[in-house]
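Q: With the sequences and hints as input, model every part of the structure.
Those sequence lines, one after another, are chains C and H. Number 321 in the numbering used here belongs to position 321 of the first sequence; there are no gaps in the numbering. Number 168 in the numbering used here belongs to position 168 of the second sequence; there are no gaps in the numbering.
Note that these hints are calculated values from the structure, not bench results. The structure displayed is predicted, hence computed values, not measured ones. We put the CB at the ideal spot given by N, CA and C, even for glycine. It cannot be assumed that every hint is accurate.
[As the list claims (entries may be wrong)] Covered by chain H, per the in silico footprint, the following chain C stretches (three or more residues, Cβ under 8 Å):
(1) 80-88
(2) 91-105
(3) 153-166
(4) 203-210
[Said to hold, decoys possible] Once the Cα atoms are required to be at most 25 Å apart in a straight line, the calculated SDA-like pairs of lysine to any residue come out as:
(5) H:K98 with C:G53
(6) C:K88 with H:K90
(7) C:K121 with H:F201
(8) C:K88 with H:K98
(9) H:K278 with C:A79
(10) H:K93 with C:H67
(11) H:K93 with C:K121
(12) H:K90 with C:K121
(13) H:K93 with C:L148
(14) H:K90 with C:F66
(15) C:K88 with C:A32
(16) H:K93 with C:L84
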Amino acid sequence: MTPETMTPDMNAPAPPAVEVRALAKHYGPVKALDGVDLTIEAGEYFVLLGPSGGGKTTLLRTIGGFHRPTAGQVLLHGAEVSHLPPDKRPTAMVFQSYALFPHMSVARNVGYGLKLAGLAKSAIAEKTAAMLEMVGLDGLADRKPHELSGGQQQRVQLARALVLDRDILLLDEPLAALDAQLRKDMCLELKHLQEKVGITFIHVTHNQEEAMTVADRIALIAAGKLVEQGSARDVYETPRRRFTASFVGENNVLDGVVASVTADGAMVDVGGAIVHAAGAGAAAGMKVAVSVRSELVDMSAAPGPEGASLPARYRETVYLGLITFHRAMLANDVELTSRLISTAGVAWRPDPGSDVHLHWPPGAARLHLD
Amino acid sequence: MVDEYGGRWGYRLKWAYLLLVVATLMSPVFYVMYVSFNENGFGAANYVFTFAWYGVIFSDRLMLNALAWTSALAIVTTAITVPFAVLAAKFYKATRHKVLTLLLLLSPLFVAADIMGASLLVYFKNLNGVFEYVGAALGVAWVETWFNLGFMTAVVGLIVYTLPYAFIVVLITMGRYRVQQTEAARACGASGWRAFWDIEFPQIRPGVFSACAFTVILCFNEYTRTSLLKGGFDTFTTVLVSQMLNEGMSEQSYAMSSVVSFIAIAAVGAIIVFTLIKSEALERQARPKAEPGT
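A: What follows is the structure, encoded as structure tokens:
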């Protein structure tokens, strides 16, 4: 190799922060990860969302070096690292809980990685103090972890990870052990912190509200596979896969058969009623699913003015404060839910067992081929 | 769990039963201690309190020599057994085949001491024959004596005996340790060894020290394996027992038995008290984590 060829191409695009190629992790017959391909750009706040046991934590831990992949590759900033243990990777990690060192003070916890890196005591003290201030824990440096609240403990973990100046931070359900209100507050704090430090955050959660609060992009992981990825808005409003529609948001998912194909989707027979669903790839006679977000479904005594309108039997009302759920059964015994703002709900209150019409605007229904 | 509907007398009866069991177990030991302070020795009608027999211990060269041998065996056995026990406990926590691992590690406990000692004796005799043959064939004399009965074979026998106990003691402390802390240390840049030394060891230290104390006590208690595998009948228990069988229990034997019993009881008592205090401290630390944070 000549010196010319060794000079990096300054015009070449920077490699992605994380690239996962055909990644698999098997435990005997169990496939925790099954051929996952994923690319995460530098500086992104990326969320791995999915049900428990779906493989999202296994994927995060494999990126971090806590699992050796059965097959496939993990590249960090273009370098293949599948064979490297966690301490040899440019990643830091925040765990769900129980990961602070109980015999060390907050300051020693935060400074531990710096001590391993061989920094001078004064530099460690300076960086630790700055980081504790950044996460709002200045004044608590001498406390032991058990003297902190759950939220404070997670902040210490954040400080301990961020102080290392690594450019990829892995967060394994970091807010799962916190109560609901604190989780909401810390979600926003995490988002603002990521914007401030500008490094790549990869955050695992099964909580979709948490995911949508922080994510630039979301990937859905289930049964060891990458189901779908996209921006929070895309994943919520225009899910491509049936699983996404059933997992994210409150969607009504109806099975049906394609009656005819249209320019932007298909007309689908769902239990006797023909409804339009947007999406590509359908063919007449194909078994498909149609999803409609429950907040787009309205309810009235007479058929709706436009779009789809399905006759149903009213079942019950579930009042949740801001939102009220109205549940009704279609003729084929499939349940549909209408989710409305309580104060702007239906003008009339149907009795359980009475006939109603559920309707939604044109273009609201999505077509799913899988 | 406290039975809040149980009667007061039932509770007192349980305590009385417990104390009776402890008294039954410990009475012979306390009686030996009582005799060791009698100037007139065992069975004398007239009890005269004295420390004299404890002074005589140090003039009994046979007993002191036995104490030295047993101390050396205990130190070497502990130095090998406890690190093995820590490694075994770490392996046990990591493996998915926990029942099999536990069964294998505890299996020496299910073999009677006499049978295990005799088996090891036969095994070393045969092994000695093999090494004598190999040494002669190679013309290397020092290989021939590797498995002659002596200090090393006694150490092997004691390791086989004490390892299951030390493993259990370490495992009890290690059970509370959260492996996420090791992972967090690795994520901070620590190697596997460094994560163990900096993070895990300070938290399992009470268990490791308890295992050390327990191993030493077991070495002092052991008779069968050391008498069969050490050769020479010159360890503490073998000397004490042979003295008793040949000459009857001498007054300094009572004193020596009392000293060893006292050290053992004090060591075990200290371990229990320390473990209880540590356990309570760990509970206190765990409690806020189990509650929803603010």
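Q: Regarding the pair K93 of chain H and L84 of chain C, is the alpha-carbon distance no greater than 25 Å?
A: The hint holds at about 23 Å.
Q: If you look at each residue in the stretch 153-166 of chain C, do at least three have a Cβ nearer than 8 Å to any Cβ of chain H?
A: holds (count 6)
Q: Between K98 of chain H and G53 of chain C, does the CA-CA distance stay at or below 25 Å?
A: 22 Å, holds
Q: The stretch 80-88 of chain C covered by chain H? Criterion: 3 or more residues, Cβ-Cβ distance below 8 Å.
A: holds (count 3)
Q: Straight-line Cα separation of K90 of chain H and K121 of chain C no greater than 25 Å?
A: Violated, at about 32 Å.
Q: For the stretch 203-210 of chain C, does the count of residues with a C-beta closer than 8 Å to a C-beta of chain H reach 3?
A: Not satisfied, violated; 0 residues make the cut.
Q: With the threshold set at 25 Å, check whether the alpha-carbon distance from K90 of chain H to F66 of chain C stays at or below it.
A: Between K90 of chain H and F66 of chain C the Cα gap is close to 17 Å, so the pair holds against 25 Å.
Q: Are the Cα positions of K278 of chain H and A79 of chain C separated by 25 Å at most?
A: Violated, at about 46 Å.
Q: Measure nothing beyond the straight line between the CA atoms of K88 of chain C and K98 of chain H; if it is 25 Å or shorter, mark the hint as holding.
A: 30 Å, violated
Q: Please work out if K93 of chain H and L148 of chain C have their alpha carbons no farther apart than 25 Å.
A: 28 Å, violated
Q: Are the Cα positions of K88 of chain C and K90 of chain H separated by 25 Å at most?
A: Roughly 23 Å separates the two Cα atoms, so the pair holds.
Q: Against the 25 Å threshold, does the CA-CA distance of K93 of chain H and H67 of chain C hold or violate the hint?
A: 17 Å, holds
In summary, the numbered hints that this structure violates are 4, 8, 9, 11, 12 and 13.
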